[in-house]
Each structure stands twice: as structure tokens, then as C-alpha cells.
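K.L.:
These protein sequence lines are chains A and F, in that order.
Residue numbers 1 to 245, in my numbering, belong to the letters of the first sequence in order.
Residue numbers 1 to 319, in my numbering, belong to the letters of the second sequence in order.
There may be inaccurate statements among the hints.
Simulated pairs of lysine-lysine, DSSO-like, Cα-Cα distance not exceeding 27 angstroms [stated by the list, open to error]:
(1) Lys-189/F / Lys-220/A
(2) Lys-16/F / Lys-210/A
(3) Lys-278/F / Lys-213/A
(4) Lys-239/A / Lys-309/F
(5) Lys-210/A / Lys-129/F
(6) Lys-167/A / Lys-107/F
(7) Lys-107/F / Lys-210/A
(8) Lys-243/A / Lys-278/F
(9) Lys-129/F / Lys-25/A
(10) Lys-145/F / Lys-129/F
(11) Lys-154/F / Lys-243/A
(12) Lys-224/A / Lys-315/F
(13) Lys-107/F / Lys-104/A
(14) Lys-285/F / Lys-220/A
(15) Lys-160/F / Lys-243/A
(16) Lys-239/A / Lys-160/F
(17) Lys-239/A / Lys-154/F
(18) Lys-220/A / Lys-25/A
(19) Lys-189/F / Lys-143/A
(20) Lys-224/A / Lys-309/F
(21) Lys-224/A / Lys-285/F
(22) Lys-142/F / Lys-210/A
(23) Lys-210/A / Lys-224/A
(24) Lys-15/F / Lys-160/F
(25) Lys-239/A / Lys-16/F
(26) Lys-243/A / Lys-315/F
(27) Lys-129/F / Lys-220/A
(28) Lys-189/F / Lys-167/A
(29) Lys-239/A / Lys-285/F
(30) Lys-104/A / Lys-145/F
(31) Lys-145/F / Lys-25/A
(32) Lys-278/F / Lys-239/A
(33) Lys-278/F / Lys-15/F
What the hints contain is simulated information worked out from the structure, not anything from laboratory work.
Each chain is listed here by its residues.
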Amino acid sequence: MKILVCITHVPDTTSRIAFTDGDTKFDTNGVQYIIGPYEDYAIARAIELKESHGAAVTVVNVGGAETEPTIRKALAIGADDAIRINADPEDSFFVATQIANVAKDGDYDLILMGRESIDFNGGVVHGMVGELLGIPSVSPVMKLDIDGNVSKIAREIEGGKEFIELKMPFVAGCQEPIAEWKIPNMRGIMTARSKPLNVVDPVDSEHPDKLVKFELPPPKGTIKMIDPGQMDELVSLLKNEAKVL
Amino acid sequence: MSVIVFVEHDEGRIKKSSREAVCYASAIDAGDVIALVCGNAEPKEMELLGQNGADRVLHATESRLDHGDIQAYASVISQAMDNENADIVILAKSSVSDAVAARTAIKSNASFATNVTELPNTSDGFMVKRSIFTGNAFAWVKLLKAKKIIGISKNAVAYKEEGGSAEVSDFSPVLNESDFNSTVTGRDKATGVVLLPEAEIIVSGGRGLKGPENWGMIEDLAEALGAATGCSKPVSDLEWRPHREHVGQTGVKVSPNLYIAVGISGAIQHLAGVNSSKVIVVINKDPEAPFFNAADYGVVGDAFEVVPKLTDAVKAMRD
Ligand SMILES: Cc1cc2nc3c(=O)[nH]c(=O)nc-3n(C[C@H](O)[C@H](O)[C@H](O)COP(=O)(O)OP(=O)(O)OC[C@H]3O[C@@H](n4cnc5c(N)ncnc54)[C@H](O)[C@@H]3O)c2cc1C
Ligand SMILES: Nc1ncnc2c1ncn2[C@@H]1O[C@H](COP(=O)(O)O)[C@@H](O)[C@H]1O
Numbered sequence: 001m002k003i004l005v006c007i008t009h010v011p012d013t014t015s016r017i018a019f020t021d022g023d024t025k026f027d028t029n030g031v032q033y034i035i036g037p038y039e040d041y042a043i044a045r046a047i048e049l050k051e052s053h054g055a056a057v058t059v060v061n062v063g064g065a066e067t068e069p070t071i072r073k074a075l076a077i078g079a080d081d082a083i084r085i086n087a088d089p090e091d092s093f094f095v096a097t098q099i100a101n102v103a104k105d106g107d108y109d110l111i112l113m114g115r116e117s118i119d120f121n122g123g124v125v126h127g128m129v130g131e132l133l134g135i136p137s138v139s140p141v142m143k144l145d146i147d148g149n150v151s152k153i154a155r156e157i158e159g160g161k162e163f164i165e166l167k168m169p170f171v172a173g174c175q176e177p178i179a180e181w182k183i184p185n186m187r188g189i190m191t192a193r194s195k196p197l198n199v200v201d202p203v204d205s206e207h208p209d210k211l212v213k214f215e216l217p218p219p220k221g222t223i224k225m226i227d228p229g230q231m232d233e234l235v236s237l238l239k240n241e242a243k244v245l
Numbered sequence: 001m002s003v004i005v006f007v008e009h010d011e012g013r014i015k016k017s018s019r020e021a022v023c024y025a026s027a028i029d030a031g032d033v034i035a036l037v038c039g040n041a042e043p044k045e046m047e048l049l050g051q052n053g054a055d056r057v058l059h060a061t062e063s064r065l066d067h068g069d070i071q072a073y074a075s076v077i078s079q080a081m082d083n084e085n086a087d088i089v090i091l092a093k094s095s096v097s098d099a100v101a102a103r104t105a106i107k108s109n110a111s112f113a114t115n116v117t118e119l120p121n122t123s124d125g126f127m128v129k130r131s132i133f134t135g136n137a138f139a140w141v142k143l144l145k146a147k148k149i150i151g152i153s154k155n156a157v158a159y160k161e162e163g164g165s166a167e168v169s170d171f172s173p174v175l176n177e178s179d180f181n182s183t184v185t186g187r188d189k190a191t192g193v194v195l196l197p198e199a200e201i202i203v204s205g206g207r208g209l210k211g212p213e214n215w216g217m218i219e220d221l222a223e224a225l226g227a228a229t230g231c232s233k234p235v236s237d238l239e240w241r242p243h244r245e246h247v248g249q250t251g252v253k254v255s256p257n258l259y260i261a262v263g264i265s266g267a268i269q270h271l272a273g274v275n276s277s278k279v280i281v282v283i284n285k286d287p288e289a290p291f292f293n294a295a296d297y298g299v300v301g302d303a304f305e306v307v308p309k310l311t312d313a314v315k316a317m318r319d
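Construct the complete structure from the given sequences, taking the supplied hints into account.
P.N.:
Have a look at this one:
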């Protein structure tokens, strides 16, 4: 079995979000980068499938050279090799086009992604890649088991889950509790250094949208503290001042 | 020119979020608003979409569409766009719609933006504001293609219910076997509770509640308020509460009118899922808990004393 895992290189979840250049660029000052948490689930499940069913696991990222430490981390967790498509991931369509192009000749049985990237939060690249390749896409996936060439999936729906059976190949956007996040061990980190990381050029693609500028939410107003003995006062404030009851 | 709204229903009943999407389509004022409904929806419910601003309803009745097959829905929308000469499609964010919209964008060669929080700005091209970094920022994005697909978040537009009923007509798109790839073998769904994504009020509990046996008071407060219940990630990891209640960066992102956090410290990953709530109330025994920095109203106190008092006060107000 061949599995392709698509990972992002995104600011750590505790990063301060700020912008520069007249609110047109993300301020990378002091920001630590990580594999997106949802893709951590995807990698973890891919490694488990490798252990239980035997699989070759390739990770792919669309990004500049700065993403290589993040890609190496995925190799340290247990992926076998990696592809970096050397381009700025400007918009979802562009990213999906690049991934689909790499995937179309790769004969992958499964393409695992995160449910969404935590910077752009689109939740759309899996659907686009599925459509570009003409194969199904399913997200958000909470459970993914394989039985022959059929996969048994639990997909989150509002207020619960839905159980689905699907033939491979397909694209899945993963989330918890599909697998437990894996942390690289020392041996993994050592072997990751010598695993192949192939850099490929992007294919031509349109850009159906264009970022104009970023904006931060308005600062929060001041908090009103209420004495724990005065819950009727809180209720009256919520009703008459905040008007939410 | 017309605008198509992909309308979802839950066991026949049109979702509130889809009604909101119809309001959005009507507010952008770019032609006739056509609501597209797939599968087994109640006729009366479909007619009532007129109150939200739908001029017409297209009902794709084919029974294979009763189960949410993403590829099939994308085909239906694409064909409706062609038939109706529609350049714009609106969808409300859901576990189905993002994927459907993504596939439709490819099929119909359209620009696509998700998590749009406001009406578009059309003073110079067609620009939408979308939420990024899990609610911690926004991006203004220009949609460059002639066709545009917009996925909206909750509260992206003022909700209205006025006017009459819409005429419903059957729609029979051409669907192929290849549009139906998955078999739904079952569902496990909470019934009779208010669901988080649509809730106007949420009462959420954290590890400060010590154990699942103490959730009775959270449920009592939620019931008094007609609220949904939520929790922090460790609480669902520990299986004190079901996963569907997990709120935050890696859980459900919510935007209720009122979010009440009890015994939750306010880690940045939790805040990321709640920062688009209108009003936040924090109850925590530690005055230094970071959640107070994100709150509108704060109570420093022991949840085990404060929550029952709050429930009583709510009941007294309701009477
Ligand atoms: C990549 C990543 C993603 C994450 N995603 C999420 C996410 O989506 N959602 C999420 O919630 N977390 C998430 N987390 C975890 C997050 O960092 C915190 O660990 C978590 O939110 C803490 O949960 P808590 O506030 O319930 O528990 P704690 O941090 O243990 O806080 C308990 C709080 O209860 C208070 N308390 C204790 N006793 C009482 C009492 N009797 N009365 C009143 N107050 C009391 C304490 O003062 C404390 O503030 C994520 C972490 C990472 C690394
Ligand atoms: N630049 C990228 N490189 C590789 N995979 C990506 C990239 N951007 C997004 N993805 C994948 O697509 C998923 C959904 O991303 P998004 O549609 O941006 O929310 C992510 O969880 C990743 O698995």
C-alpha cells in the first residue's frame, strides 16, 4: 500500500498573530513553526497503518526551503520519504493543483490530509484534490480502518458521527481521535537525516483569488467582575446590558 | 443572473444555518435567489425559505441524494449553476458543505472562499472577508473568477424572516454511478439536545470540574438557559464527555451569543474556538486564569457554589 500524507508548515498554536507591510504580510518575528495539528493525526494514522498493514508513507508539502525542518520532523515520526514542491502556498487551488500533480503519477492508495490547515482554515484542499484526481474525498475523518480494498470510516457530522464504507483510492481529511499524536524519538531523528527529501518544481497554475490585506479583530473591551454571591446581578446584566438572554 | 444557495436539512427540517445562507444571498442583491435542496425535505419547510428571501426552490428529489454523498451534491450544484445561469453559490459552513463547495469550485471553474464573515465588498471587484488563524485574524480576499462560491460562517448576515412562501419545482440533474462512491452504513447522533454549531448559548466545562460525575450542574444550567453543553479538550480526551462537545482549535469552533466557561483555564487553543462568541462569561476559582483576559463578565469563585446559584438566578428570571 502507498500512502501520501500532505502536511503544512504553520505557526505554533500559541503564536502571537500580527502582520507587517501595511497588513499584507504575516509577521514571522519570534514565531515557531510546526506540522499542523490535524496533519499530525494524519501522519500518526499513516504510521499505524504502515505497522499493521505494511505501507510506504510519503509526505508532501507545498512550500519554500524554510519548511524543510518541519518536513524532517515528519520523517522522524516515521514517514519513509518526502517531497517538497518548491512554491509559496498562495491559495488552496494552487496548493491542490500541485498536490494533485504529484499524486497523479504516484499510484497512492490513500491520500491523508488534515481536516484543515490552522493558518488558512479552509478545509478545502482535500475536496479539491479529490475532484482534480477524480476520486472521492471525505472529511473530517475520526476513524479509518482498512479491510481489503475497502476502508471503513467514521466521519464527524453535526452532533455525532456517520459510518461510511469507501473503496480506495480516496482523499481523507483527518482529525482526532483517529490516532494519537506521535513524538519523534532519538532514533527517528537520526534516521530522518538520511531519508530522501526530493524538491520538485511547481506546475503552472491559476490563482482564482488574491489576498488584499489582513485585519486583526477589535480588542476586547474591559471585563466586568461580579461577586460570586450575586448571580442575580450577573443574570440581569446578561439580560439588560449584554442583551443575550 | 441568479444566486444559488445550497440548502441542507436534517431529517427533513431545513437547517437554521442554511436559512441564514438564503438571507445572505438575498442581501448581496445579485439576482434571483434560488434555494437548492437535495433529498427528502419537507415541502412546507422548503416553501418557508421564501421568508428568508428565496425567490424559488429547486428540489432535487432523487432518492440517492438522501444520503450526503459529496461528489453527487457537487454535480447537482454544478448543473444547477449552468441551468440557472448562476454565477454565485452560497453555502453555510457544515461538515458537508466545505467539501461539496471545494469540489464544485473545481467542476465549475469558480473562485471559492470559506469562513466568510460579512457581506462582500463590491466597490472594486468582488472582495470577501474571511476568518483565518482560527478566528484570530481576518483576510480580505478578492475573488477573481466570473463564478464565485462563498461559504459563510454563522452570523455573517442579519437574520430575517418576512415575506411569503417560495415556489418549489422539481430538479432532475443527470447523475452517474461514479457520483456515488460511498455507502453510509450507520449514524450515531445525539438526539434531543441543542447542537454546538448552531447553539445561541453554550455552557462549557473544563478540568476544573474534577470528573464526569459533576456534569449534572452544567447540564442543569444549560437546560435552564436552553443552551448546548461544551467542554475543553482534556475533558473529551479523558472521556468525561463525548468528543462532539470538544470546543477549540482542534475541536468545534463556535460563535454563540453567550459562552459560559466553567473551570476552564483559557489556553490559547481553547480560546481559538470561542473568540467569535458575542459575550463570554468566565467562572474560575483562580483570579489569574488567562480566560479572564478574553471575557466580558467574570466570576472568581468555586464552580461548585457559583453554578447552582447561577442556575437558580436564571430560573428566577425566566419565571
Ligand atoms: C496543538 C494543540 C491543540 C489543542 N487544542 C485544544 C482545543 O481545541 N480545545 C481545548 O480546550 N484545548 C486544546 N488544547 C489543550 C490546551 O492547551 C489546554 O491544555 C486545555 O484547554 C486545558 O483544559 P482545561 O482548561 O479544562 O484544564 P486546565 O488547564 O487544567 O484548567 C482547569 C481550570 O479550572 C480551574 N478550577 C479548578 N477547580 C475549580 C473550581 N472548583 N471552580 C472553578 N474553577 C476551578 C482552574 O483554576 C483552571 O483554570 C490543545 C493543545 C495543543 C498543544
Ligand atoms: N502547503 C501545503 N502543503 C501540503 N499540504 C497542504 C498544504 N496546505 C494544505 N495542505 C493539506 O490540506 C489540508 C487542508 O488544508 P486547508 O484546505 O488549507 O484547510 C491540510 O490539513 C493539509 O493536509
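K.L.:
Each of the hints needs a verdict: does it hold here or not?
P.N.:
A quick look at each hint next to the structure:
For the proposed pair Lys-189/F and Lys-220/A, the alpha carbon gap of about 36 angstroms is over 27 angstroms, so the pair is violated. With a C-alpha separation of about 31 angstroms, the suggested pairing of Lys-16/F with Lys-210/A is violated against the 27 angstroms cut-off. With a C-alpha separation of about 24 angstroms, the suggested pairing of Lys-278/F with Lys-213/A holds against the 27 angstroms cut-off. For the suggested pair Lys-239/A and Lys-309/F, the alpha carbons sit about 16 angstroms apart, so the restraint of at most 27 angstroms is met.
Straight-line distance between C-alpha atoms of Lys-210/A and Lys-129/F comes to about 12 angstroms, which keeps the hinted pair within the 27 angstroms bound. For a cut-off of 27 angstroms, the pair hint linking Lys-167/A to Lys-107/F stands: about 22 angstroms separates their Cα positions. About 20 angstroms separates the Cα atoms of Lys-107/F and Lys-210/A, which keeps this hinted pair within 27 angstroms; it holds. Between Lys-243/A and Lys-278/F, the direct Cα distance comes to roughly 10 angstroms. Compliance with the 27 angstroms bound is thereby established for this hinted pair.
Simply put, Lys-129/F and Lys-25/A have alpha-carbon atoms about 16 angstroms apart, close enough for the 27 angstroms limit, and the pair holds. In summary, the hint linking Lys-145/F to Lys-129/F is supported, as the alpha carbons are separated by about 17 angstroms, within the 27 angstroms threshold. Straight-line distance between C-alpha atoms of Lys-154/F and Lys-243/A comes to about 18 angstroms, which keeps the hinted pair within the 27 angstroms bound. Restraint check for Lys-224/A and Lys-315/F: satisfied, since their Cα atoms lie roughly 22 angstroms apart, inside the 27 angstroms limit.
Our distance criterion of 27 angstroms between C-alpha atoms is met by Lys-107/F and Lys-104/A, whose separation comes to about 18 angstroms. For the hint pairing Lys-285/F with Lys-220/A, the CA-to-CA distance comes to about 22 angstroms; that is within 27 angstroms, so the pair holds. Taking the CA atoms of Lys-160/F and Lys-243/A, the gap is near 18 angstroms; set against the 27 angstroms cutoff, the hint holds. For the hint linking Lys-239/A to Lys-160/F, the alpha-carbon distance of about 22 angstroms falls within 27 angstroms, and the restraint holds.
Distance hint between Lys-239/A and Lys-154/F is fulfilled; the C-alpha atoms sit about 22 angstroms from each other, no more than 27 angstroms. Note on Lys-220/A and Lys-25/A: the hinted pairing holds, with a Cα-Cα distance of about 23 angstroms set against a maximum of 27 angstroms. Proximity of Lys-189/F to Lys-143/A is assessed by CA-CA distance (about 16 angstroms); at most 27 angstroms being required, the pair is judged to hold. At most 27 angstroms may separate the alpha-carbon atoms for a hinted pair to count; Lys-224/A and Lys-309/F meet this at roughly 18 angstroms.
Distance check on the hinted pair: Lys-224/A and Lys-285/F sit about 16 angstroms apart at the alpha-carbon level, within 27 angstroms; holds. Proximity of Lys-142/F to Lys-210/A is assessed by CA-CA distance (about 5 angstroms); at most 27 angstroms being required, the pair is judged to hold. Distance restraint check for Lys-210/A and Lys-224/A: the Cα-Cα separation of roughly 41 angstroms exceeds the 27 angstroms cut-off, and the hinted pair is therefore not satisfied. Between Lys-15/F and Lys-160/F the alpha-carbon distance is near 14 angstroms, which keeps this suggested pair within the 27 angstroms criterion.
Distance hint between Lys-239/A and Lys-16/F is fulfilled; the C-alpha atoms sit about 23 angstroms from each other, no more than 27 angstroms. In summary, the hint linking Lys-243/A to Lys-315/F is supported, as the alpha carbons are separated by about 17 angstroms, within the 27 angstroms threshold. For the suggested pair Lys-129/F and Lys-220/A, the alpha carbons sit about 20 angstroms apart, so the restraint of at most 27 angstroms is met. Restraint check: the Cα-Cα separation between Lys-189/F and Lys-167/A comes to about 24 angstroms, which is no more than 27 angstroms; the hinted pair holds.
Proximity of Lys-239/A to Lys-285/F is assessed by CA-CA distance (about 24 angstroms); at most 27 angstroms being required, the pair is judged to hold. The suggested pairing of Lys-104/A with Lys-145/F holds, with an alpha-carbon distance near 26 angstroms, which does not exceed 27 angstroms. In summary, the hint linking Lys-145/F to Lys-25/A is supported, as the alpha carbons are separated by about 24 angstroms, within the 27 angstroms threshold. With a CA separation close to 13 angstroms, the supplied pair Lys-278/F and Lys-239/A stays within the 27 angstroms bound.
Between Lys-278/F and Lys-15/F, the direct Cα distance comes to roughly 21 angstroms. Compliance with the 27 angstroms bound is thereby established for this hinted pair.
The structure fails hints 1, 2, 23 (numbered hints given earlier, in ascending order).
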